[in-house]
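**Student:** Residue numbers (this note's numbering), protein chains in the order written: chain X, 440 to 659; chain R, 440 to 659.
Since the hints were made in silico from the structure, they are not lab data.
Please read these numbers as outputs of a predicted model, since none were measured by experiment.
Don't take each hint at face value.
[Said to hold, decoys possible] Within a straight-line C-alpha distance of at most 27 Å, the following computed DSS-like cross-link-like pairs (lysine-lysine) qualify:
#1 X:Lys577 with R:Lys490
#2 R:Lys560 with R:Lys537
#3 X:Lys641 with X:Lys444
#4 X:Lys617 with R:Lys490
#5 X:Lys462 with X:Lys478
#6 R:Lys478 with R:Lys560
#7 R:Lys549 with R:Lys537
#8 X:Lys491 with R:Lys577
#9 X:Lys579 with R:Lys500
#10 R:Lys462 with R:Lys524
#11 R:Lys478 with X:Lys560
#12 X:Lys490 with R:Lys617
#13 X:Lys537 with R:Lys476
#14 X:Lys490 with R:Lys478
#15 R:Lys524 with X:Lys524
In case you want the letters, here they are:
Number of protein chains: 2
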Amino acid sequence: MAEMKLFGVWASPFSRRIEMALKLKGVEYEFIEEDMKNKSPLLLEYNPIHKKIPVLVHSGKPIAESLVILEYIDETWEGPAIFPKDPYERAQARFLAKFLDETFFPPMWKACCSRGEERQKAKEEAIELLGFLDNEIKGKKFFGGDSIGLVDIVGNLVAYWCGILGEIVGIEFVPKDKYPNFFKWINEYNNCSFVKENLPQKDKLIAFLKARFEVLDSSK
Amino acid sequence: MAEMKLFGVWASPFSRRIEMALKLKGVEYEFIEEDMKNKSPLLLEYNPIHKKIPVLVHSGKPIAESLVILEYIDETWEGPAIFPKDPYERAQARFLAKFLDETFFPPMWKACCSRGEERQKAKEEAIELLGFLDNEIKGKKFFGGDSIGLVDIVGNLVAYWCGILGEIVGIEFVPKDKYPNFFKWINEYNNCSFVKENLPQKDKLIAFLKARFEVLDSSK
Chain X
440 MAEMKLFGVW ASPFSRRIEM ALKLKGVEYE FIEEDMKNKS PLLLEYNPIH
490 KKIPVLVHSG KPIAESLVIL EYIDETWEGP AIFPKDPYER AQARFLAKFL
540 DETFFPPMWK ACCSRGEERQ KAKEEAIELL GFLDNEIKGK KFFGGDSIGL
590 VDIVGNLVAY WCGILGEIVG IEFVPKDKYP NFFKWINEYN NCSFVKENLP
640 QKDKLIAFLK ARFEVLDSSK
Chain R
440 MAEMKLFGVW ASPFSRRIEM ALKLKGVEYE FIEEDMKNKS PLLLEYNPIH
490 KKIPVLVHSG KPIAESLVIL EYIDETWEGP AIFPKDPYER AQARFLAKFL
540 DETFFPPMWK ACCSRGEERQ KAKEEAIELL GFLDNEIKGK KFFGGDSIGL
590 VDIVGNLVAY WCGILGEIVG IEFVPKDKYP NFFKWINEYN NCSFVKENLP
640 QKDKLIAFLK ARFEVLDSSK
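Model the full structure from these sequences, guided by the hints.
**Tutor:** Below you can see the structure in the form of structure tokens.
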């Protein structure tokens, strides 16, 4: 069997989405927990540009960037498809995944890490952007259809992390009244047994994130 | 024949890369020039989130984001492959394309649009990042091997636009002595007849970009 290693952080949605994809495909791997305050020489060697997790190492060959890794996993292993088969649907899924990471994530994270007017502005921007997803999920169980696919896997960020971050910092990122379809998807998703098995334990994650925000606060 | 429309801007590298890919595949299309100061209702309808070009509309179905469109084109039409066949090489190409757009482009553009210390810092960052590409292209004619592929198409940004922007603002983004391999690729690329046919005319592009920088200067 090919040697498979995943350099990640247990509390990171970007790292967890790779684990979810590998488990969906039934691929065995060794998880190597990185300390991002003291990065390992191997992580720096494997991802010299971004110096970030996740990095998947397949028989010694590293792949960085979670969306790139997800494409690689889907193309390399049989099993349930992560990306839709139809090219147009694939394009739509890629667009949404990119949207979550590049358009939604920055203001969402800023809303969590900033204060006052800056927080208010970032919060409004992040919430407004989710209107697009509310419309996209309307009438569907998962973004992938009847089973989870790329956007659902990448959407762990909103479905789980946003809820917990919101609890900590006092922001309701997905108001039920404003986004009923998206709210329904979040419930469906977080109650799906396969998803649940691949999410970090809530109390542990809250403690981890709270400690991180305390560090941010004290360094301001 | 399916109706194919490309909403773009003649002077944009992001728009030109889609034209290059369509021509490589021999796909006929209608090019619709957008005025980004007065966007058309169709562009806003087709790309409501980003309101940006390029947007490819295939039989009425829109696809936005240039990297997503390139994947769609390669998956939909026969002809010369844009993406490598091997999944690991595909992952590397996707990583590099993402790197050019998301990591290199922001400081490069900032170096062009800012002044003083801010420009100096952005310039150093952008130039430093290109060291990675100099290493990647070593010993190869094109990033795609003997013929142009994804990274070459996306690389129009550095190969052509960076040179012209550099002339206008007085920045040498690719110093020959520092990056001999990458410099060699730029020459090879810009002299390739297929590439040349798909680049805007130099004088016209210089005039367009100069006018844009004058607007930026006057609005400061």
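**Student:** Against this structure, judge whether each hint is valid.
**Tutor:** Hints, verified against the model:
| no. | hint | result |
| --- | --- | --- |
| 1 | X:Lys577 with R:Lys490 | holds, 23 Å |
| 2 | R:Lys560 with R:Lys537 | holds, 22 Å |
| 3 | X:Lys641 with X:Lys444 | holds, 25 Å |
| 4 | X:Lys617 with R:Lys490 | holds, 23 Å |
| 5 | X:Lys462 with X:Lys478 | holds, 26 Å |
| 6 | R:Lys478 with R:Lys560 | violated, 33 Å |
| 7 | R:Lys549 with R:Lys537 | holds, 18 Å |
| 8 | X:Lys491 with R:Lys577 | holds, 25 Å |
| 9 | X:Lys579 with R:Lys500 | holds, 20 Å |
| 10 | R:Lys462 with R:Lys524 | holds, 20 Å |
| 11 | R:Lys478 with X:Lys560 | holds, 25 Å |
| 12 | X:Lys490 with R:Lys617 | holds, 23 Å |
| 13 | X:Lys537 with R:Lys476 | holds, 25 Å |
| 14 | X:Lys490 with R:Lys478 | violated, 39 Å |
| 15 | R:Lys524 with X:Lys524 | holds, 17 Å |
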